[in-house]
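A.B. asks: Using the sequences and the accompanying hints, generate a full structural model.
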Amino acid sequence: MKKLFAILLAALMILSLTACGGKTPASSAAPEGSTAATKGETKAPETTPAPAAQGKVFNIYAWNEEFKGFFEKYYKVPDGVTVNWIINPSDNGVYQQKLDEALLNQANAKDDEKIDMFLAEADYIGKYVDSDYTMDITSFGFKNADTMYEYTIKAASDSKGVCKGVSFQCCPAAVIYRKSIAKDVLGTDVPEEVQAKIDSWEKFDKVAADAKAKGYYMTASFAETFRTFSNNCTMPWVDANGNLQFDPQITAWMDQTENYIKNGYTLTAGVWDAEKTNEMFKTGKTMCFFGPAWYYNFCMNNAMDPQDGCVGDWCIVKGPQAYFWGGTWLLAATGSDNTEMLKSIFETFTTNEEVVTNLVKAENQYPNNTAIAQKFADDPNYGNTAILDGQNDIKIFAELAKDIKWENHTNYDQLLNEGLQNKLQEFYNGSVDKDTAMKNFYQYVKETYPNIKLPQ
Amino acid sequence: MTKNDTAKNGRRKNGVSYAKWGYIFIIPFFVVYLCFTLAPQFLTIYNSFFESYRVGLTQVGPNFVGIENYKTLFSPDSSGVILVLKYALNTFVLWILGAVPQFVIALLLAIFFTSYRLNIKGQGFFKTVIYMPNLIMAAAFSMLFYTLFSRVGPIQALLEHWGWIDASFDFFSKQVTVRGMIALMNFLMWFGNTTIVLMAGIMGIDQALFESATIDGANAVQVFFRVTMPLLMPIFVYCLITAMIGGIQMFDVPQVLTNGKGVPNEMTRTLVMYLNGYLTNKNYGMAGAISVFIFVVTGILSGFVYKSLVAQYKDPQRKHRERKGNVL
Chain L
36 MKKLFAILLA ALMILSLTAC GGKTPASSAA PEGSTAATKG ETKAPETTPA
86 PAAQGKVFNI YAWNEEFKGF FEKYYKVPDG VTVNWIINPS DNGVYQQKLD
136 EALLNQANAK DDEKIDMFLA EADYIGKYVD SDYTMDITSF GFKNADTMYE
186 YTIKAASDSK GVCKGVSFQC CPAAVIYRKS IAKDVLGTDV PEEVQAKIDS
236 WEKFDKVAAD AKAKGYYMTA SFAETFRTFS NNCTMPWVDA NGNLQFDPQI
286 TAWMDQTENY IKNGYTLTAG VWDAEKTNEM FKTGKTMCFF GPAWYYNFCM
336 NNAMDPQDGC VGDWCIVKGP QAYFWGGTWL LAATGSDNTE MLKSIFETFT
386 TNEEVVTNLV KAENQYPNNT AIAQKFADDP NYGNTAILDG QNDIKIFAEL
436 AKDIKWENHT NYDQLLNEGL QNKLQEFYNG SVDKDTAMKN FYQYVKETYP
486 NIKLPQ
Chain C
147 MTKNDTAKNG RRKNGVSYAK WGYIFIIPFF VVYLCFTLAP QFLTIYNSFF
197 ESYRVGLTQV GPNFVGIENY KTLFSPDSSG VILVLKYALN TFVLWILGAV
247 PQFVIALLLA IFFTSYRLNI KGQGFFKTVI YMPNLIMAAA FSMLFYTLFS
297 RVGPIQALLE HWGWIDASFD FFSKQVTVRG MIALMNFLMW FGNTTIVLMA
347 GIMGIDQALF ESATIDGANA VQVFFRVTMP LLMPIFVYCL ITAMIGGIQM
397 FDVPQVLTNG KGVPNEMTRT LVMYLNGYLT NKNYGMAGAI SVFIFVVTGI
447 LSGFVYKSLV AQYKDPQRKH RERKGNVL
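Going line by line, the protein sequences match chains L and C. Our numbering puts the first residue of the first sequence at 36, with every later residue one more than the last. Our numbering puts the first residue of the second sequence at 147, with every later residue one more than the last.
Any given hint could be a false lead.
Dumping the calculated SDA-like pairs for lysine to any residue here, alpha-carbon to alpha-carbon at most 20 Å [to be verified]: (1) L/Lys133 with C/Tyr277; (2) C/Lys217 with L/Tyr477; (3) C/Lys428 with L/Met473; (4) C/Lys428 with L/Glu482; (5) C/Lys320 with L/Met473; (6) C/Lys232 with L/Ala472; (7) C/Lys217 with L/Pro485; (8) L/Lys133 with C/Val367; (9) L/Lys481 with C/Lys232.
No lab work stands behind these hints: they were computed from the structure.
C.D. replies: Below is the structure:
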């Protein structure tokens, strides 16, 4: 009996050893991006030559429900096709992690389980566009329209200029202010006059002090102005040699915020926190919010609350500095067996006049279509009444959209921006001093991106 | 030789041996354990000697780097703090803060519930209720706490209303409050479980011992320390060690409560949260090194707790027996 047991145990041991012996080469080979990528590439032409054979399942990866809403409302899914949404939150890079896993496995996945399309944000789009996991959109016959904003094409193109996707929106951003508070603080609520009083950061700071004196906040989050600065950076977060660098704009934001917190011009809440969005209720004490057109639906629900909101008490102006914020791109995943559908989705949300018009009219978006945007901008009868006082916001956005440039972006942006804000928030809310906050940020970078060299 | 033969034959003749079925039935467990627990464990150790992570979609490594990951792990940062030790200390403090009340309350409750003198009614109800928090997912539980204590939550509003705190107070910017919340949650989630296990342990003790101790004039405290505790010790140590292992691996509660940030100033960041930070980019090398560190620490602490407590209760008993023997 003992002997039998010993043999059994030995057999088990061998089994487990071979089991992990077998696993090791497989697991060490699988993550190697290059091999998986080439596999994906060689496989792609096999599936694409027969456009007639289209898949029955369309898989979309996204990080929130925003585009899903538009998709379900405005896109007619071909008969017999099931659309699967795989939604993971963007916080702490979860969305990217899940997406990366799925993309690395794309070559081995069954046709119906392959990602067909995924959404990407400005902060990390480059990582996917400049890889073999996204597909040239001309390969399935989609042609970028002349009406698209140049920067949206550039953002979705790899270093060789091959375009891998489209955006359904264009995101010039501005200052959205409460009219009643502006009237109290500035003595006027007319957009042109308000703009004249906050058209530089010096003036903006001065107004902040006036607002404070009257018991108001200038902004409701320490990071509210972050994008305005970071979007005007003249150098990327990480240089060609992998060194982390602080752009003067980032330092300017840090200085401004420190000053604002010290003087009580703003709150210590994050951009997405309830404490900030509560300031958009009628009872809110905050004058300015910074955001593009998607900000209305995405962040300003409290302002549109039928009971406690304040629809019509808002106007929009360019503010101290032009910038853009975010944007959602739809990227075609290599290996998709639903290229026809990809093409029709791209067309629907960029050139289909009826849908794009609805995006503006019914959804308060700013479209990625210069012709339709211009039509609204020139229309004297058009005004945004969903939240603004009937002001033609498209006119303001159209002006700002002309200047958007796509430069100085890195694949690290999302986690570096998020990390810097998170670590500095602790300094602003008084739990640590500035040096500690910065030390924590460097530590975070070291953990997240071991390849980035830190300034020492 | 003949002796051997007869023994063999004798065993065969005496009947069928059912012992092998025991082994056969436990095979599935061992196979699963070896494949999915032990093998990955060795793989983790193996991985900790490699540089292997992902930058975006490109994989760096795996390159063999020897003990480089361990060197990085134990090298002090710019202000001279060895981070892994800082996080280990955080974990320990968070665990102790929750475990002390957990064991004290659980012991008290277990004794109340099993006392033949108190004979508490409706035990089933109480046992269910105290066990309840354990049924909620830790993540959901911490979300609940986050919502309750956030800057716009009801607790903040209530305390502000009563004038106990001012408007600038933030539960999540102070070490005491965040650690307190985590400890409270761990306590609430686990004291019920511990109570049930300890009750089972106490009920396994011969009631006659309590009665005779009482008749001999021992008061409740004496009965507890002289009779209950020594006899409960094996179960108590089991509870303590499992709780400690769980504590060292504390992750979900602080992770969800602080959204992975370990606020304030990373003072609520635990070892496994640190490990998780490295997994953002699939840094198996560093994560492996931390895992090995956790494994070693767990082993040492468990051994230490076991040795010290079990030895303590074994010795007096032996002495007692010896004394008894001498008298007799």
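A.B. asks: Regarding the pair lysine 217 of chain C and tyrosine 477 of chain L, is the alpha-carbon distance no greater than 20 Å?
C.D. replies: Answer holds: lysine 217 of chain C to tyrosine 477 of chain L is near 18 Å, not above 20 Å.
A.B. asks: Would you check the hint for lysine 428 of chain C and methionine 473 of chain L, treating anything up to 20 Å between C-alpha atoms as holding?
C.D. replies: Not satisfied, since the Cα-Cα distance of roughly 24 Å exceeds 20 Å.
A.B. asks: Given the hinted pair lysine 232 of chain C and alanine 472 of chain L, is their Cα-Cα distance within 20 Å?
C.D. replies: Distance of about 16 Å is within 20 Å: holds.
A.B. asks: Mind checking the alpha carbons of lysine 428 of chain C and glutamate 482 of chain L for me, to see if they're no more than 20 Å apart?
C.D. replies: It holds: about 11 Å lies between the C-alpha atoms, which stays within 20 Å.
A.B. asks: Holds or violated: are the alpha carbons of lysine 217 of chain C and proline 485 of chain L at most 20 Å from each other?
C.D. replies: holds, 15 Å
A.B. asks: Is the hinted pair lysine 481 of chain L and lysine 232 of chain C satisfied, with a Cα-Cα distance of at most 20 Å?
C.D. replies: Status holds; Cα separation ~17 Å.
A.B. asks: Is the Cα-Cα distance between lysine 320 of chain C and methionine 473 of chain L 20 Å or less?
C.D. replies: holds, 19 Å
A.B. asks: Does the alpha-carbon distance linking lysine 133 of chain L and tyrosine 277 of chain C stay inside the 20 Å limit?
C.D. replies: violated, 35 Å
A.B. asks: Given the hinted pair lysine 133 of chain L and valine 367 of chain C, is their alpha-carbon gap at most 20 Å?
C.D. replies: violated, 56 Å
This entry does not satisfy hints 1, 3, 8, going by the numbered hints stated previously.
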